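S.K.: Counting from 1, position 183 in the sequence shown corresponds to residue 555 in my numbering; the numbering is continuous, with no gaps.
Since the hints were made in silico from the structure, they are not lab data. There could be a bad hint or two in this list.
[Said to hold, decoys possible] As a list, the in silico DMTMM-like pairs of lysine to aspartate or glutamate whose alpha-carbon atoms are at most 25 angstroms apart:
hint: 1; residue 1: Lys495; residue 2: Asp481
hint: 2; residue 1: Lys490; residue 2: Asp559
hint: 3; residue 1: Lys495; residue 2: Glu586
hint: 4; residue 1: Lys490; residue 2: Glu556
hint: 5; residue 1: Lys490; residue 2: Glu586
The structure presented is a predicted model; accordingly, all values stated were derived computationally and were not measured.
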Amino acid sequence: MIRRPPRSTQSRSSAASDVYKRQGYNFVLTWQEGLIDIFDLVIFKKYSFNHDDTLKRFKYSTLIGYKKLPRPNMIKIVPLLIFNIIWFILPPYIANMAPVIWGGGPPLDGGRLFFDGKRLLGKAKTIRGTFVGILAGTIVGLLQHIVYPFPSLGYALLRGFLLGAGAIGGDIVGSFIKRRFNIESGDAAPLLDQLDFMIGAIILMYPLGLPPLEIILMSILITPFVHLISNAVWYLAGKKEVWW
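With these hints in hand, go ahead and build the complete structure from the sequences.
M.R.: The structure is reproduced here in structure tokens:
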């Protein structure tokens, strides 16, 4: 049974939340705070979401920090914008790349066929690769928390897990769609191959809160180019059969 935090803690959190909202910081919404609190209580048996420390710790490390800075020129904004894009895409990118290195083993679909008589997913999606990808995203979330602390450890782990699981889930959905259109594993499906994991990460991260729209759009726009470059590197290194 989950115990509610002491009344004094709730009052302090409520007061801090009011300040948080008055200053225009909407990164963590009230219902999202509840989700994080429950996660912390269940996993760590404590109420660790510290609202009093949030503004100070998040001024330059959150995905919205740059929006609160004066904008006399782009010199001050561009570095923060680039940082925030990288900060957001790191967990799904690493989650998507991890199966290439540490994947393999039995296929996730177990060789089963769909109603159309074609493979459900294909040989490239494996049980180990799925587990490794989600774990990698979660670990990256933890490392980000160590570098620039999030509101709580529970939030950091949940964020990393959602972005990692979303990336792997999006990649799996992409494989399912390719099989339905008779595109074999390894054959090119422009944009679907490059964007499925990022879109999956964004969708799964939505309940916990997404960064500003410009961060999301820039992340989507650069992903096909970064994806092609990284795949070419893995192809040259002998880790992938194709370069796309």
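S.K.: A separate judgement is required for each hint: does it hold in the structure or not?
M.R.: Okay, the hints, checked on the actual structure:
1. With a C-alpha separation of about 8 angstroms, the suggested pairing of Lys495 with Asp481 holds against the 25 angstroms cut-off.
2. For the proposed pair Lys490 and Asp559, the alpha carbon gap of about 15 angstroms is at most 25 angstroms, so the pair holds.
3. Restraint check: the Cα-Cα separation between Lys495 and Glu586 comes to about 36 angstroms, which exceeds 25 angstroms; the hinted pair is violated.
4. Restraint check: the Cα-Cα separation between Lys490 and Glu556 comes to about 10 angstroms, which is no more than 25 angstroms; the hinted pair holds.
5. Taking the CA atoms of Lys490 and Glu586, the gap is near 39 angstroms; set against the 25 angstroms cutoff, the hint is violated.
When held up to the earlier numbered hints, the structure conflicts with 3 and 5 and fits the remainder.
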